[in-house]
Structures are given as structure tokens and as C-alpha cells.
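Colleague: Start from chain A and add chains B and C according to the hints.
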Amino acid sequence: MLNYVSKRILIGILTLLAASIVVFIVLEIVPGDPARLMLGMNATEDAVQALQQQMGLDQPLLIRYFSWIGGLLVGDFGKSYTYSVPVLNLITERIAVSLPLALISLFLSTIIAIPVGLFSASRRGTMTDSGTMAIAQVGVAIPNFWFALLLVYVFAVSLRLVPAGGFPGWNAGVWAGLKSLILPSIALGLPQAAILARVTRSALLDVLGEDYIRTARAKGLTRRKVLYRHALRNALIPVLTILGLQFAFLLAGTIIIENVFYLPGLGRLVFQAITQRDLIVVEGVVMLLVATVILVNLLVDLSYALVDPRLRGRS
Amino acid sequence: MSAPTEWQANISKAFSNRSFVIGLTITALLALMAALSFVWTPYAVGSFDILGKLKPPSSAHWLGTDHFGRDILSMIMVGSRNSIAVALVSVIIGAGIGVPLGLWAAARGGLIDEALMRFNDLVFAFPALLSAVMITAVFGPGAVNAIIAIGIFNIPVFARVARGAALSLWPREYILAARASGKSSLLITIEHILPNMMNILVVQGTIQFSLGILAEAGLSYVGLGSQPPMPSWGRMLFEAQTMIGMAPHMALYPGLAIVITVLGLNLLGDGLRDVLDPKMRRERS
Amino acid sequence: MNRVWKSALAASALVLLSATASFAAKTDLVLGVVLEPPHLDPTAGAATAIGEIVYANVFEGLTRINAKGEVLPALAESWTISEDGKLYTFKLHKDVKFHDGTAFDAQDVKFSLDRARDEKSTNPQKPLFASIDTVEIVDPLTVKVTLKQPNGDFLYNMGWAAAVIVAPESADTNKEKPVGTGPFKVDNWAKGSQIVISKNPAYWGTPVALDKATFRIIPDPAAATAALLAGDVQAFPVFPSYEAVPQFQADPRFKVVIGTTEGETVLGMNNKKPPFDNLKVRQAIAHAIDRKTLIDGALFGLGTPIGSFFPPHHPAYIDLTGESAYDPALSKKLLAEAGHPDGFKTTLKLPPPVYARRGGEIIAAELREIGIEAEIIPVEWAQWLEQVFKGKDYDMTIVSHTEPNDLNIFARDNYYFNYDSPAFREVIKQIEATSDTTTRTGLYQQAQKILAADVPAAFLFQLPKTGIWDAKVEGLWENGPIPANDLTAVKWAE
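Top line first, the protein sequences correspond to chains A, B and C.
Each residue of the first sequence is one higher than the one before, counting from 1 in the UniProt record's numbering.
Each residue of the second sequence is one higher than the one before, counting from 1 in the UniProt record's numbering.
Each residue of the third sequence is one higher than the one before, counting from 1 in the UniProt record's numbering.
Only chain A is shown next, with the shape it has when bound in the complex:
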């Protein structure tokens, strides 16, 4: 087991390292110069060069890569070209929006999907089951940004119940902040709930087909009791796996939704930073997201291994 864990962790670190090289090289060949962008159309050539020097852009590629990586190792993400503040400060400011958004969406999708999946599985083959699953099927097909547009039209433009976009900052109060996260979380969470509900249902049905459930049924437990007492617990593993993947997806999926609602989150930060060629910020955020995905995958793998020892041998 220990062997397996250390191997997985080593692979995670290597992947992260490879990712850092990929990100750095890709962004290196992006056309556009942050210094020129900052100084605009009337800037003289020598002013642009002076600013490039200030930003450290005149250093050779390898030196910049190693100083960046070296900084990351001690938690220093570097200094933003455009904002000239530490990248880490920018990231922590933005995470205060993105993380709650991802968590609320995840929460929403879970509290909707699991009961729906249970409900559908317990009425397998009935009209209610196929009706529910048909709705879920449609939900899977809805692009979250379009759903977001419809929500904005109904609740913000027509009914004016919630703001159409923007974020007042947590300083304006928890409720004001939450209020502007309501529509975005619904837009992100509901299509995910549709996926999760389908997974929950089929996982339950799979478990229900297994021997020990049949035994329990034979012992005289009612179908519903079996469902709640045995099947749900065992079906939770695949469901949690999907949840783990969804969390990573949601954190990245906030990119589009944050653009629809103009939330100052990580996604908008990346978008902005790319257009401003504030590459060190892009690199920092991408590394953070990649690290999150790797970490979540690692945890999922490990939990699998804990549950099913046979998997430990497999890579």
C-alpha cells in the first residue's frame, strides 16, 4: 500500500513538472508583449525596452523558467506584470469568489442529484423513472452558459430579483456576496446535477444486481430498505469519484460562467491576464488548477485502493 501511495505521489509530482514546462513553453510563444501593451500606441521604442527590462522580460528563457519554478517551490508565484503586485495576492483575492462558487454548485448538484437518483432507482422501470431520467437527459445536453443567459433573462432582467452580474465583494456583506453567486451556482450546478443523477441511478442499479443484495432481499428485507441500507452506501464510491472529478471540472468550468456573470474569479483573472499578456499570472493560475486536478485524482485513486485492495497492483 505504502509503495502504491508513494508511486502515485511521485507520478503526480512528475506530471506537475511536465505541466509546468508545457505551460511555460506554450505561453512563451504567444504573440504579444506585455510592455508594449501597457504603454500603448504613443510609446517610443526605448520606453518599451525600458519597461521590458523592469519586468525582467529581457532575461533568457531558461533563467526565467528556473527562477519561476524556484519561486513556486517556496510558494512565491512571482509578481504580476500588469498589476505589479504578487501573483499570489491576486490568486487569493480571486479564489474568494471561485471557490465558494464551485463549492455551492457542487453542493447544489449533490443535494439534487442523489435524492433524484435514489428516487429513480427505487422506481426502476416505472413512468416516473423514465420521466425523471428524460429530464436528466435534457439537463445533460444544456450548455451551462446558455442556461446562465436564460436565468439572467428571467430572474435579473425581467423579475429583477438578483443582480445580472458583477460581485460587490465580501466586504459588502455575506448576503450581498452570496446573492450575486446564486444564479451562477445554479447555472453551473444544475447541468452537473443531471449528470450526477444519472450516475447515481445506474450505480445503485449495478449494486442492486450484486449477490449480497440478493441475499439481503432473500432474507426478507423490503426493496426500499435494501436500497437505503446497503445499496446506497456501496454506490457512494462511484458517485464520490464523479463528485471529485466534478469539483475539478467546476473550478475550471467557472471560467465561462464567470465571464457570463462578470465575477472577479480565477477564470476572469486568467482571461484578463491572457489578453494583457500578464503571462506570469496565467502560469500561476494554470499551475494551481493543474495541481488541484492532480491532487483530486490522486485522492480518488487512493480511496479506490482503500476500498478495493485488488486495484493496488494495477497502475
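Hints listed in this document are in silico derivations from the structure and should not be mistaken for laboratory results.
Don't take every hint at face value.
Unchecked claim - In silico DSS-like cross-links for lysine-lysine, where the CA-CA straight-line distance does not exceed 27 Å:
| # | chain 1 | residue 1 | chain 2 | residue 2 |
| --- | --- | --- | --- | --- |
| 1 | C | 86 | A | 79 |
| 2 | C | 177 | C | 97 |
| 3 | C | 68 | C | 212 |
| 4 | C | 292 | B | 55 |
| 5 | C | 429 | C | 86 |
| 6 | C | 120 | A | 179 |
| 7 | C | 333 | C | 292 |
| 8 | C | 292 | C | 280 |
| 9 | C | 280 | C | 212 |
| 10 | A | 79 | C | 175 |
| 11 | C | 280 | C | 392 |
| 12 | C | 333 | C | 449 |
| 13 | C | 68 | C | 345 |
| 14 | C | 175 | C | 191 |
| 15 | C | 390 | C | 212 |
| 16 | A | 79 | C | 148 |
| 17 | A | 79 | C | 212 |
| 18 | C | 345 | C | 390 |
| 19 | C | 449 | C | 332 |
| 20 | C | 68 | C | 390 |
| 21 | A | 179 | C | 68 |
Modeller: Below, chains B and C without anything else, positioned relative to chain A:
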């Protein structure tokens, strides 16, 4: 290898499967609409009528007009070509590179297999959309680059599916027999392994196709997909955003087109899976 | 009894007090801005978003530009100009302090001007300072600036945001913690959401009416509309959505002011690259564009057509739109004469603003009518600057030139139009050396005519400034001579 009788049985099974029939109908209608748009649309999508802009649906314009006075129905019809082309080509890229990689890894095992799995880990570690944004930042927005961005993410998916299926096939008796008779692993892969996983690949292809439609719409929505004058569903939604108070129909219909298309493809995929590969797990994400 | 009286009195006093408080005019204002500034130092960045926060509010220069585009005294209370127009002597205001308490004097002026034109300078408008030869301190309140040659625009140039006076102690940290001499100081900047400025009690000049102003960053037009309607934002000096304007015009709670800007919007063409090196091709393109359709389609009717590179609100403006009137038949004829009877294929690179993206779609459709297939290539600003502006790797592009007084870009060496006209250069040289208004007007008109005849670019429209604010807010600029939200005269009506 499938005998002809098995195919006949599959076809009759398929047409009694509700998902398959509905999915196939929607997909066929979509293909028909795209084909029709080459020869006929209610209005030309290149013609602007600024005075007739933002008109709600009417008998003249069934789905209304956009901010340039263009007919939205015509735009959706022509836009379907764009969605289909991007999604299809990126599936072909993904399968064309991913399947051989997966088969190779399964046949050779060892270091090559390990390298492929690590490559998969690397690609999967990047949130897809973020990478698409970076790719288009390098190469500029456009349909071709959207195809590349989506295609790259299809590669590990197909590689993984092909590898998994191949690994489960290699220990089979008839393959061991073929091996014993001295056939090379390349030959065995081509003659036995690949034909026996076509079902799974078709199902996965349908799923990736529908994900490709969604991904293209997302990229176009943030301005990174195909560019004007080619109409695109995602960009139509982007343009509708600022006018949602005045012309909600601009946002409604292109979105419905996406939902119906993706729904059709998903149903088709589910139906195909039920028919071709009943043992395959029902989960997908 | 006595006690009852007392408390009754106290109570009524309290009521009175709170009543007066609620009747007194509000002293805070929330403004919406579309773009977040990268930082707040106007001497180190060109972004208009910087000027929109700090100009006249936080930082001041020797002179300042007012809402009408006129030059007024600011930190310099007066000046004299020598006979030959080369020596400017500025008399500075006394008792002026920076926000951090340090005193302002001639040292700071010399420091700021020398810093801007230094070899290591990263000033975005370095050319503004190019004509300065020396800056000398006469006494703490007098500065002498000697120019290399007379410059009729010098006082105007000193009023730009990039020419504000900064202190040596704080110059390097102004990006994050701006320290100026203005009537407001920056309190707080929550990245991605808002910037708060508040009244500077130690201000040397006329005190401002507002105690606090918040600039809320709202890039999304739909959110901007909603924020105004909900009263979350009380003023949007540059409203981002042309299509939402009629809705506010119909609402008595709001004042809608369609003003002018210095944004001449052009279809730039690469004058050295075939086929655009042929005047007839450029004329054909200009005649193929219907400015009315363009303005209706891209700006929902809110721009003013221009026929040359000059703002319509300027006294020296002449209307030359007739020179390139919409005439597709003439376009086809010109194309045929130029040897392209069937048109040709080309590209059109479009930066992000909506006027360029939407306008580009319309122009591409109009060019298709005369046989020119223009492939649309959207680019970000960084790419535009690199490829089009610096690399001149383009055929056509659409961009709004928003700097004031920028007629001279067509006389610059190596500018992205690749336009080279000795006659035009000569006129610009004369303008720069002249301070007499009548002579200047004549020269300006001559320059406009040369451009309209040479068609180095197709001249499209003057970008409007769509200001929307609460009907009770007074004193905001109607026009946008420079990118600024000057709050010095802003107050709430009683």
C-alpha cells in the same frame, strides 16, 4: 468478427430501442438541415438589413432577426454546418491518433504503455477549456484552431478506451491461438483486436461528437471559435447576451438548437450502447 | 414636568437633526467604469482606464484640460512665454501638499519632467516631452522650461494624464499607492471589483463637494444596465452598450448625454502593400462603405460620420464626408480602373472593441458587394499592437484613435498606415510651429483636405461618449476630450 446474422439481429434490436430511434431521428434531421443549408435557406446569411434588426419571430422571419437584421433561422441552419464540421473533425483527429496509440500500448505493454498512461495523465490534468483558451491565444481564434483544441482532448479519451478494450481482448483464447501460430502483434491487432472493439469505438465516437458540439459552442461563445461571416451557434449566443432585454429570441433559438442536437446525439449514443454493448456501464460524464 | 419637556425637546431636536441630514445633498457617488486599470500611475501606462480614475481627481499637472478641451492652469497658477516661443516660465501654486504630506515645489516639477523624458523612462506618451530641452528651477515656486523649438501644443501637452506631477518619494509606488496633489486620494482598491477615492481635506484648491466616490468595475453591458436601473451605480460616464441607450432616454430618472470624444475611427489600410498602394483601390474601398448603415449597425445610430481625420466638435473641422460618399457603382469602376475588375481577396484584422468587431462585419459585407473578399481576423490588443501596429503585418484594420490632437500620426515615420506624404508632413510641421489660432485653423483644414484626397485610411465615424447618470447628478463631463472622469465639480442637486 460479426456474422451477417448478428448484424441483422442488432439492427432489429436497435429499431425497437426508443433512445436509438429518437436519437437517430434528431441526428438525421440535423444532418438534413445542414445539407439543405448548402442549397437553400429562407434568407441569405450574408445580407444585412439594419433597419429590420431585432425583430421578434413573425411569419416573415420564423425565429426573428438579429442585431444586423439577419434571419435567425437561416443563421441556425448554416451554423449547424460549422458545429458538425468542428465536432466531427475533432473526433476523427482524436480517434485517428488515440486509437493507434492505445492499441500500441496494449500490444507492447511495459515502458510504452507507461509512457502513454503518463501522457494521458498530463493531458487530463489540464482543465480542457483553459487549455483551449491557451491554444487559441497562441494560434489565434478560428474554426481550425477550435478543432485542434478539441481534438487534442479527444486523443487520450480514445487512447484509453482502445487500450482498455484491447487489454481485455488479448488474453482471449482465439488471440492466444493466433499468437501461437506466429502472427505478429501488429497483424493480430489489425485482424482481431480492432474489429472486435469497433462497437465500443462507435459508441465513444458518438459521445465525443456530442461533447464536441458543446465544446465548440462554448469556445465560440467566448469568441475563440469560428469567425464571421460564418454563423456559429455559440457566437450567436454571445451576441445575444447584450441584447437579452430587447431581443430574448436571439438567445433562445440558437441555444435550443444546441440542446436538441446534443440531446439527439446523446440518445443515439445511449441507444447504440444498449444495442451493441449491453455490458458497458451506463455512467458517463 | 421639566424633565418631560427636556426629553421632548431632545426628541424633536433629534427628529429635526435627522430630517436635515436626509434633506442635505448626498456626498457620495458610485460610478460605473467598463475597464479595470492595470495600475493607477498615469505616467507608466497608456490604459484609458487609468486616466478615468485618477485624472484631475488624484493627480494634477502644471496645466489641466477641461470638459471643453481647453487648457486651464492647475499646479502652475500662471505662466509666461518668451517672444520666440521657446521659453516657458511657470509660476507654481504655493502651499500645495502631496497626499502623504510632503510639500510640492519646483523640485517635483523638474523631477517629473526629467523622469518622463529620461533614457530609462517608461512614460507611455514620451513624444509629448520630446521638445523639452532643459528644465531649470529658478526658485521653489518658479520653473523655467526651455524648448528645442517652438511648440504650439506645449501647454496642452502638459495637461495630459501622462504629464502629471509626481513626487520623487512616491514615484515608484504610485502604481499601487498613488500619491498625488489632487482633491481626492485613493482609499482602497479591491481588484476586479472597485476603487474607492475620498476627499482630500488638505487640498490646496477649491474643495470638492463629494466626500467619497466609488468606481465600480462593470465590464458587462447587461450588468451595467441592471446596476443603473437598480441604483447600485448612479453614473456611467462611458456606458458600454449602445443598444441599451433608448431604454434610459425614455426613463425620467436618468440623464442621457451623448457627447463627443477624440476617437476618430478609421478603416486603416497598409498603404505600402499592394493593392492598397493604389489610390484608386483605397478610394474604391472608401466609396463602398455606407457610413449610415455602419453607424446604425455597429453603434445603434450613435456616432457622427467623418470624412477626414478630425473631430467634428473642433472649430477647425470641415465636413468632407462628401469626398467619399457611399457609391458602390463608382467603387466597382475604380476597382476596374485599378486593374481589379473582379475584386480581390484580403484580410481585415479587428481588435476587441465592439465598434471594431461589429463594424468589421458590416464593412466586410459591404466590400463583398463590390467583389472584395475580406477575411475577418479577430485579434486581441496585444496581438494588434505587435502585428498591426508594430509589425505592419496587415491589410486592413479598424481602430479608433482616441488621443486628442493626433492629426500628426499621419506625418509620423514608420506609422502603421505606411502613409508617406511630404505635403502633409510640411503642413503638420507648420501647425506645430504656429500658435496663432487663425493660421492654425487654415492649416488644420488644409491637412484634413489632404487626408480626404489621399485616403490613407477610410474615415468612418467619431466615436460617441454615451454618458448615463442619475438626473440629480450634476457636473460630470458631457464630452470626452481626454479619458477622464473629472469629479472636481460633481455634486448632487438639492
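Colleague: If a hint holds in the structure, say so; if it does not, say that too.
Modeller: Do the hints match the structure? See the list:
1. The suggested pairing of residue 86 of chain C with residue 79 of chain A is violated, with an alpha-carbon distance near 43 Å, which exceeds 27 Å.
2. The hinted pair formed by residue 177 of chain C and residue 97 of chain C meets the criterion: a straight-line CA distance of about 16 Å does not exceed 27 Å.
3. With a C-alpha separation of about 25 Å, the suggested pairing of residue 68 of chain C with residue 212 of chain C holds against the 27 Å cut-off.
4. Our distance criterion of 27 Å between C-alpha atoms is met by residue 292 of chain C and residue 55 of chain B, whose separation comes to about 20 Å.
5. Distance restraint check for residue 429 of chain C and residue 86 of chain C: the Cα-Cα separation of roughly 16 Å lies within the 27 Å cut-off, and the hinted pair is therefore satisfied.
6. Straight-line distance between C-alpha atoms of residue 120 of chain C and residue 179 of chain A comes to about 48 Å, which puts the hinted pair past the 27 Å bound.
7. Proximity of residue 333 of chain C to residue 292 of chain C is assessed by CA-CA distance (about 22 Å); at most 27 Å being required, the pair is judged to hold.
8. At most 27 Å may separate the alpha-carbon atoms for a hinted pair to count; residue 292 of chain C and residue 280 of chain C meet this at roughly 23 Å.
9. For the hint pairing residue 280 of chain C with residue 212 of chain C, the CA-to-CA distance comes to about 56 Å; that exceeds 27 Å, so the pair is violated.
10. For the hint pairing residue 79 of chain A with residue 175 of chain C, the CA-to-CA distance comes to about 13 Å; that is within 27 Å, so the pair holds.
11. Between the alpha carbons of residue 280 of chain C and residue 392 of chain C the distance comes to roughly 21 Å, so the proposed pair stays at or under 27 Å and holds.
12. For the proposed pair residue 333 of chain C and residue 449 of chain C, the alpha carbon gap of about 23 Å is at most 27 Å, so the pair holds.
13. A C-alpha spacing of about 44 Å is found between residue 68 of chain C and residue 345 of chain C, which places the hinted pair above 27 Å, so the restraint is violated.
14. Straight-line distance between C-alpha atoms of residue 175 of chain C and residue 191 of chain C comes to about 13 Å, which keeps the hinted pair within the 27 Å bound.
15. At most 27 Å may separate the alpha-carbon atoms for a hinted pair to count; residue 390 of chain C and residue 212 of chain C exceed this at roughly 41 Å.
16. Taken as a hint, the residue 79 of chain A and residue 148 of chain C pair is broken in the structure, with Cα atoms around 40 Å apart against an allowance of 27 Å.
17. For a cut-off of 27 Å, the pair hint linking residue 79 of chain A to residue 212 of chain C is broken: about 31 Å separates their Cα positions.
18. Restraint check for residue 345 of chain C and residue 390 of chain C: satisfied, since their Cα atoms lie roughly 23 Å apart, inside the 27 Å limit.
19. Restraint check: the Cα-Cα separation between residue 449 of chain C and residue 332 of chain C comes to about 24 Å, which is no more than 27 Å; the hinted pair holds.
20. A hinted pair counts as satisfied when its Cα atoms are at most 27 Å apart, and residue 68 of chain C with residue 390 of chain C does not qualify at roughly 33 Å.
21. Straight-line distance between C-alpha atoms of residue 179 of chain A and residue 68 of chain C comes to about 42 Å, which puts the hinted pair past the 27 Å bound.
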